[in-house]
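Novice: Each chain, written out:
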Amino acid sequence: MHDFMMWMQTSALGHFMRESGPWTYAIVNLSHILGVASMFGALVILDLRLMGVWSRTPLAALAEAAAPVAAFGFALAATSGIGLLATKATEYIGNPFLYIKFPAVAIGVVNALVLNFSPAWRARGTRELSQRENRQLAWMGGTSLACWLTAMGAGRMIAYW
Amino acid sequence: MQHQSLRRRLGTLAGAALVLVTVMVLSPLPLSAHHGWGGYMDAEFEISGTVETPVSVAGPHASMKIKADDGHVWDVVLAPPFRTEQAGLKEGIIPVGAKITAHGHRHRDAKKFEIKTERVTWNGKVFNVYPDRS
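So the protein lines, in turn, are chains Y and S. Everything in the first sequence is counted per this note's numbering, starting at 1 for the first residue and increasing by one. Everything in the second sequence is counted per this note's numbering, starting at 162 for the first residue and increasing by one.
Because the hints were derived from the structure by calculation, they are not lab data. All values reported here derive from a predicted model rather than from experimental measurement. Hints are not guaranteed to be accurate.
[Said to hold, decoys possible] Below, computed lysine-lysine pairings styled on DSS-like, alpha-carbon distance capped at 27 Å: (1) LYS251(S) <-> LYS88(Y); (2) LYS260(S) <-> LYS88(Y); (3) LYS226(S) <-> LYS88(Y); (4) LYS228(S) <-> LYS272(S); (5) LYS272(S) <-> LYS286(S).
[Stated by the list, open to error] If you want the footprint, here are the derived chain S segments under chain Y, 3+ residues with CB under 8 Å: (6) 213-220; (7) 232-246.
Glycine included, every Cβ here is placed at the ideal spot set by N, Cα and C.
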């Protein structure tokens, strides 16, 4: 763990975060928040829809808008997050919130991939889904909300340890 | 019909939010007006020592570490990077081993050797990182 964090901290990215000026960290931090906000905002709507809320709104239509926003938000959050971590990586060793956040992110990503490849999701808008398929989607929507709420909560608390 | 009930629902939500905000604002709980200073003691505090880790302006806060006379290594938390540099306290100005005094507020947790610093004094020079506070 220490070796990996030291490697991150002494990387070119680490040097850039620390030495390129007094506003760099703030801007990368802002990007991280914008990414998280976009991703979670889109997922709140999409995941609740998967769980049956707003059932009159077609899933396919909602997904067409929400899914790309969520994906873009995640990409922004992940990229900026690596920068934030590299700034002072070794100082985060032992911070319990990291050990909650990263597993939550990992499960969230795996869940998103499983959803993406599931027959139910792929069939959206093309045919009526079975009760079983709707239940599968609901579970994945609920898992998504739980994972990302956990990730965000733990992420915010890192600074207060 | 649907349009009317949506407006009423939004109205209820707005009303609830307004009540909540009002309650919070008028709350008798002592709200600290100090951003980030709440975790530190109210009394003014100072600690002197020799620089172990020189000033780093890597965000979110600039910092340095000193070895104090009590034998402990203290975290000298400074202002955010831009304001710390504005006070003249840039990286590389104070060398490792230099004797400095940090004035500010000690962390409330007695087990933490951390000072949230208002000004640093070195060689008679004062670096005031929070000029509106000192």
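Novice: Give a verdict on every hint.
Specialist: Going down the list of hints, with the structure as the test:
1. LYS251(S) <-> LYS88(Y): holds (18 Å)
2. LYS260(S) <-> LYS88(Y): holds (25 Å)
3. LYS226(S) <-> LYS88(Y): holds (14 Å)
4. LYS228(S) <-> LYS272(S): holds (16 Å)
5. LYS272(S) <-> LYS286(S): violated (30 Å)
6. 213-220: holds (count 4)
7. 232-246: Holds, because 5 residues of the region 232-246 of chain S bring their Cβ atoms closer than 8 Å to Cβ atoms of chain Y.
Of the numbered hints listed earlier, the single one contradicted by the structure is hint 5.
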